[in-house]
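Participant: These are the residues of each chain, in order.
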Amino acid sequence: MKLQEFIVRRLILLIPVIMGVSIFTFAIAQIIPADPAAALCGEKCGVMGSNGLTAYESNVIRLGLDKPVWQQYLIYVTNLLDGNWGESVTFHRPVIEKLKDAAPITLEMSFLSLAMGFPMGISLGIFSAVWQDKLFDQFVRFVAIAFVSLPIFWLAMMFQYILGTQVGICDPITQALPLVPDTDGGCFPIYGRHDPTYTFPDTGTGFHLIDSWIVDEPTKFNPLTNQYEVSMSHSDMFFDTLKHLFLPCFTLAIASTGGLLRYMRASLLEVMNEDYVRTARAKGISETRVILVHAVRNALVPIVTILGFSIGGAIGGAVLTETIFAFPGMGKTAVDAIVYLDFSMIMGVTLVTAIIFLLSNLLVDISYAIVDPRVRLE
Amino acid sequence: MSDFIIDFIVYSVLLLVLIFTIGIIYDRIRGKKWSDSSEDREEGLNRFIQGWRQRIYDLRKSWKIFRRSALAIIGLMLIITVSTISIFADDIAVEHPYRNLQDTEDLWWIDNEPRREAPFSEACDWHEQRIDIFGIKTKGYSQYVTAVSDPVRDENGSLTPFPLEIIEIKFMEDELGYELNNSLIVRHNETTFFVTDDALNVSSSSIYLTFEFQNEDMHHWWLPDGHDVCIMGTTHTGQDLFSKILYGSRVSLKIGITVAFLTVALGTIIGSISGYYGGIIDEVIMRMTDVFFAVPGLILAMAFVAALSGTTSLTMAMSSVVFLLLLFLFISLRGVISELVTGEGTDSNIITKLQTELRGLDKELQLLSKNEQKSILPLSYLTLQVSLLLFRARKILFGFIVTLFFFFSWHGGGIWPTGIGMELEKSLILVIMIFLFILITVFDKNISEGVPKKLIFDRASESFEFGNPYRFLALRTILIFVSVVLLIFVTGSSESDFILIQDFDRLWKIQAALILTGWPGYARLIRGQVLYIREMTFVEAAKSVGAPDGRIMFRHILPSAWAPLLVAFTLDIGGTILSASGLSFIGLGAEPGTSEWGILVADGRRFFPGSWWLVTFPGLAILVTTLGFNLLGDGLRDIVDPKNKR
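Chains as they are written, first to last, in my numbering: chain F, 1 to 378; chain P, 1 to 646.
To be clear, the hints were calculated from the coordinates, so they are not data collected in a lab. A hint or two may mislead.
Looking from chain P toward chain F, a few residues come up when the C-beta cut is under 10 Å (computed) [unchecked claim]: (1) Leu71; (2) Ile73; (3) Met77; (4) Ile80; (5) Arg287; (6) Ala294; (7) Val295; (8) Leu298; (9) Phe304; (10) Ser309; (11) Val545; (12) Ala547; (13) Pro548; (14) Trp597; (15) Pro609.
Please read these numbers as outputs of a predicted model, since none were measured by experiment. We treat Cβ as the ideally placed atom computed from N, Cα and C, and that holds for glycine.
Chain F with its partners taken away, still in its complex shape (with noise of 0.2 Å):
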């Protein structure tokens, strides 16, 4: 099978999984007890429209409440490919405008993360597999399950204190500024995306780390010069954004880690059993190089398939990190969300989480396929 054939089969049986997604989605909305005509209206919902019907019910009709189910979904499945997203309660503003703002922060997050993760992940998997069974290998292990199961949302908060707000640690002049009272401020800031002394232009991609280099530079008025002086140069915003984003990042970097080390070991102890293996080993090359080589770079490739999965992860456990750092992302999106009982908005965030980890998947997928040929064949 050529490459572009295995690509257009697997974009196909995807259809089906977004359709069950929105079906699911459609079912949750319509358990959920809150009604989405009444929200609309709120209080004004007695008030007698030009056409004889209340506000009530005139919204029952448009948003089609009347109809059956089936009409319903399909209603439902053909604004959504519209664009037409539903409004929100909770924010005020269309669920899609909303979500345009709040996606790319959770994905410059998960995938920062995962950046962060992989190397440690990959590194100690592979010291893990080369002296397995030792002492490093027992204490590596031991790690990895212990990383698996740290709560995120405690570890988050544990960083913010020792990083976030302990004096003495970092340098006092780099340290961030005390933003939590009855502290001295620590070395990394420990709420929100940038530094509140300066507003982030919102014109770019929504991604902070990529806007940074791309908007136009904050400016700020000098009454000594009597002109706008640029107060944030291109770079001081990028290590802002990222001194903002490390301690989140680190934090689901070590959650992602867990796993991606025990699968990199396992993978490595299964490569190291290999013929190939032992033929570089028998032709005399050295043992570094024969691991690097030889081995690491076979059972990195198994360890592409974990990547899509780890980003589910990020993602899910980005709802937790982005309320402890307050990030308007999709997870606090979501949390608020859910508080108000904000059924478009959930259906919203249901469907955009599914497509993006959907969509990850399949790149992964692609990439084994282009690094491992014989995935096509099945």
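Starting from the structure of chain F, add chain P where the hints point.
Facilitator: Only chain P this time, still in chain F's reference frame:
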């Protein structure tokens, strides 16, 4: 907890005595003597010993493999510690919750003990009391005031304070929080203050007095002096954090184990259906799991919690789920049951056999005169007719019995009319349970082996032969017995600590959401196992002999697939505790103020960097428990791993 153990023992002894009395009386009626079955008894004893020897040998082998891993041992120790703590929380904790009369949740009284005190702080022995100066002023003269605690809810549900023994007055403040002169109120004797005349000139209407009191109950006897008070500090509502964490272990373990257990049950059933039948059923179920896997777990669980927000009670929903599970079990086992009842063949065989017998009788009847017909009819003809009817309707009968048992046992769900007393209900449940127990024993192959193959009642009477008690000591029978006692206990008493399905409790939304989120993983796991085992020769052999689907599934395939299931189950308990505390943390689970670890962290977060202990210790508790289960699961994986079977 200790009540539970006592009740459990009482219930099982009662049930045992009942069963054995019936058996012995029945033996007497039939004229059987104890000495008649001495050979049988000896044989039974030998088999019993042999069976247990084998089991102990297997266990020792597993233990040898398990012991090799230090990590697994650590995990086991952690779990044993946490469960011991949760069992003896009443004895270890220094502060205790009270039981709400309406529901079964532990509630904590908000008291005026010093709030958010650091660990080992002396202030834990202090107490703040409001003294009403205005009341004294209106009377016009100074008077004595008794030092009392905050009101405590007693057994009747009324609030009463109890007197305290004062050691030293620390300080006093007026309503606005300004400190007042220490001489306004003096300590009179061990339990009373004297309000001096100067105090009457204070402009505020009340004085808040803080004093140290004799607080031996709040000290841990197992710690040295000076370090024995509030070893983990106090919460923002003034309770001892250590005690709350101890009680939290009960909540977390309960959630973890019930959710993991129900998830395994659901996942196993769905997965085995999917794997065994294949085809379109398999396709539909697998696409469903795809959908569940497409949404990250925590967000999916949140969506489920949101969907459940309108439901106030889970009784009906849960009852239908459990009912469906039971029904499924009975329908799948019908092959096994019919085979056991009649000894051989499948359903159609039995029916044709009965029908031919009936036809033979019909022919005989036609040959006879009417008077002779009448004399024969009642006996053999009717018996056969009834047994045929019973056999045909057995599915419905089973369904009926199960439903009956089910709705009888349900308490407080509003299904049972309120006029009927608890005792009657309990005894009815007992009778039904015994009936069910008899049915189960009758259909237990181990017990009924070698019995003449006749109809149901013959079998029942044979299995009630109590000359050889050893035959009842097979592991499976004991397990069935214990589970029956547990069921009676769990469903029959509303005061029980161990109510698993009675409206779950306040955390049921999380539990339900986690079950609904978790089953696809197990379904896939079991499906894979079933697909693998289905192709093995012993399954083919069973099929060629004509064993029904249910029998192959439950007797041949699932027993071979338990190993990865056990590992997944252990790991899932840890995962469930983590996700449940995460959901509680974002405010979707337990009510604020309950002693759930996630909620404790969430409550402490408001005062976080200042009062670090409010967050650190509950989180550590979650970490330790989860770590224990994960380490144990890892160790079990080694045992189960075929590479280690040497």
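Participant: Please go over all the hints and tell whether each is borne out by the structure.
Facilitator: Going down the list of hints, with the structure as the test:
This hint holds: Leu71 (chain P) has a C-beta 6 Å from the nearest C-beta of chain F, less than the 10 Å allowed. Interface hint status for Ile73 (chain P): violated, as the beta-carbon distance to the closest one in chain F is roughly 12 Å, over 10 Å. Among the interface hints, the one on Met77 (chain P) is violated; its C-beta lies about 14 Å from the nearest C-beta in chain F, farther than the 10 Å criterion. Violation of the interface hint for Ile80 (chain P) is found here, the shortest Cβ-Cβ separation to chain F being roughly 17 Å, above the 10 Å cut-off.
Taking 10 Å as the C-beta contact cut-off toward chain F, the hint placing Arg287 (chain P) at the interface holds, the least distance being around 6 Å. Nearest Cβ of chain F to the Cβ of Ala294 (chain P): about 4 Å, under the 10 Å cut. The hint holds. Annotation: Val295 (chain P) was flagged as interfacial toward chain F, and the flag holds, the nearest CB pair being 5 Å apart, inside 10 Å. Satisfaction of the interface hint for Leu298 (chain P) is found here, the shortest Cβ-Cβ separation to chain F being roughly 4 Å, below the 10 Å cut-off.
A cut of 10 Å between beta carbons decides the hint on Phe304 (chain P): the least distance to chain F is about 8 Å, and the hint holds. For Ser309 (chain P), the suggested interface contact is upheld, since its CB lies about 6 Å from the closest CB of chain F, less than 10 Å. For Val545 (chain P), the interface hint is violated, since its Cβ never comes within 10 Å of a Cβ in chain F; the closest pair sits about 35 Å apart. At about 34 Å, the closest approach between the beta carbon of Ala547 (chain P) and any beta carbon in chain F exceeds 10 Å, and the interface hint on this residue is violated.
Checking Pro548 (chain P) against chain F by beta carbon gives a least distance of about 33 Å; that is not within 10 Å, so the hint is violated. At a threshold of 10 Å, the smallest CB-CB gap from Trp597 (chain P) to chain F is about 8 Å, leaving the interface hint in force. This hint holds: Pro609 (chain P) has a C-beta 5 Å from the nearest C-beta of chain F, less than the 10 Å allowed.
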